[in-house]
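Chains A and B, in that order, give the protein sequences.
Residue numbers for the first sequence follow this note's numbering, so the first one is 1 and each next one is one higher.
Residue numbers for the second sequence follow this note's numbering, so the first one is 1001 and each next one is one higher.
Simulated from the structure, these hints should not be mistaken for laboratory data.
Fair warning: there could be bad hints in the mix.
[Said to hold, decoys possible] Quick list of in silico lysine to aspartate or glutamate cross-link-like pairs, EDC-like style, CA-CA up to 16 angstroms:
hint, chain 1, residue 1, chain 2, residue 2
1, B, Lys1073, A, Asp26
2, B, Lys1073, A, Asp110
3, B, Lys1071, A, Asp80
4, B, Lys1071, A, Glu30
5, B, Lys1009, A, Asp110
6, B, Lys1073, A, Asp131
7, A, Lys118, B, Asp1050
8, B, Lys1073, B, Asp1012
9, B, Lys1079, B, Glu1037
10, B, Lys1047, A, Glu105
11, A, Lys45, A, Asp57
12, B, Lys1047, B, Asp1012
13, B, Lys1097, B, Asp1029
14, B, Lys1047, A, Asp26
15, A, Lys38, B, Asp1029
16, B, Lys1069, B, Glu1081
17, B, Lys1075, B, Glu1010
18, B, Lys1088, A, Asp26
19, B, Lys1047, B, Asp1029
20, B, Lys1071, A, Asp41
21, B, Lys1018, A, Asp110
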Amino acid sequence: MMNRRNFLGLGLAAVALAPMTLSAIDFRKEKPDAWTAKNVDDAIKALYGDVKVEESDKITVKTPKVASNGGAVPVTIKSDIDAKTVTLLQNVNPESTVATWTVPEGGIVDYSVKIKMKGSGKVIVVVEGKDGKFYTASNELEVALGGCEG
Amino acid sequence: MGNMKIKAKEKDGIVKAKVMAKHDMLTYDQAKKKGTEANFITHMTGKVNDTVVYDVSTSQFLSKNPLFKFKFKGKKGDKLEMTWVDLKGNTVTESKKIK
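Can you build the whole structure from these sequences, using the hints too?
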């Protein structure tokens, strides 16, 4: 337990010291646990620690109401929040974290990607604000044909 | 002959970029069924003149031949350089001028 706390602390310190705008942050290297977390709460904890996340209407998560192909579900994330990082998660695949964006200085949070979803469920977006707070928004959608099989 | 299709258009100081990378993005489940190793893009960055304008760490859950759309402040004539790295350590860098 103690070791894990220390490890997380070290990780955060390292990120704070690293020049964030010059070098892109590879979250797979920085936060390996985040990518194996099997549920959304664990994933958020692995990425950001034990933080309080509040619902915000300043984040827009756009997904189709019904995705015809679970292998390519379009997701668009927009936000006006002055953000440090933005994480996309969902609650139907074997692991929860889908992607984490590091927002460069003066960056615009307007991202679109296509993701795989095993079935109908929820996509969740967590925005780490420069003010140290964490905001979230989510969208429920139906998937006609599951996306991890193929 | 590139791996990525990069489109970047500037309007009023904002560049709209669309990048499609060719990659199977095999999840662990899919790889097991095929009897091969999982491999998928894990990190993608976009730079303009050495400044990072886009940075995303990704998982096996992005679609095959993933499409990334994003916006950033920029101007015509600058070069957008995209780089991706996958689980096996392969990396591809390609660039395109912003129109």
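Structure-based check of all given hints:
no.: 1; hint: Lys1073(B) with Asp26(A); verdict: violated, 22 angstroms
no.: 2; hint: Lys1073(B) with Asp110(A); verdict: holds, 12 angstroms
no.: 3; hint: Lys1071(B) with Asp80(A); verdict: holds, 13 angstroms
no.: 4; hint: Lys1071(B) with Glu30(A); verdict: violated, 25 angstroms
no.: 5; hint: Lys1009(B) with Asp110(A); verdict: holds, 15 angstroms
no.: 6; hint: Lys1073(B) with Asp131(A); verdict: violated, 22 angstroms
no.: 7; hint: Lys118(A) with Asp1050(B); verdict: violated, 38 angstroms
no.: 8; hint: Lys1073(B) with Asp1012(B); verdict: holds, 9 angstroms
no.: 9; hint: Lys1079(B) with Glu1037(B); verdict: violated, 35 angstroms
no.: 10; hint: Lys1047(B) with Glu105(A); verdict: holds, 13 angstroms
no.: 11; hint: Lys45(A) with Asp57(A); verdict: violated, 22 angstroms
no.: 12; hint: Lys1047(B) with Asp1012(B); verdict: violated, 19 angstroms
no.: 13; hint: Lys1097(B) with Asp1029(B); verdict: violated, 38 angstroms
no.: 14; hint: Lys1047(B) with Asp26(A); verdict: holds, 15 angstroms
no.: 15; hint: Lys38(A) with Asp1029(B); verdict: holds, 15 angstroms
no.: 16; hint: Lys1069(B) with Glu1081(B); verdict: holds, 14 angstroms
no.: 17; hint: Lys1075(B) with Glu1010(B); verdict: holds, 6 angstroms
no.: 18; hint: Lys1088(B) with Asp26(A); verdict: holds, 15 angstroms
no.: 19; hint: Lys1047(B) with Asp1029(B); verdict: violated, 33 angstroms
no.: 20; hint: Lys1071(B) with Asp41(A); verdict: violated, 29 angstroms
no.: 21; hint: Lys1018(B) with Asp110(A); verdict: holds, 12 angstroms
The structure fails to meet hints 1, 4, 6, 7, 9, 11, 12, 13, 19, 20 from the earlier list, while all remaining hints are met.
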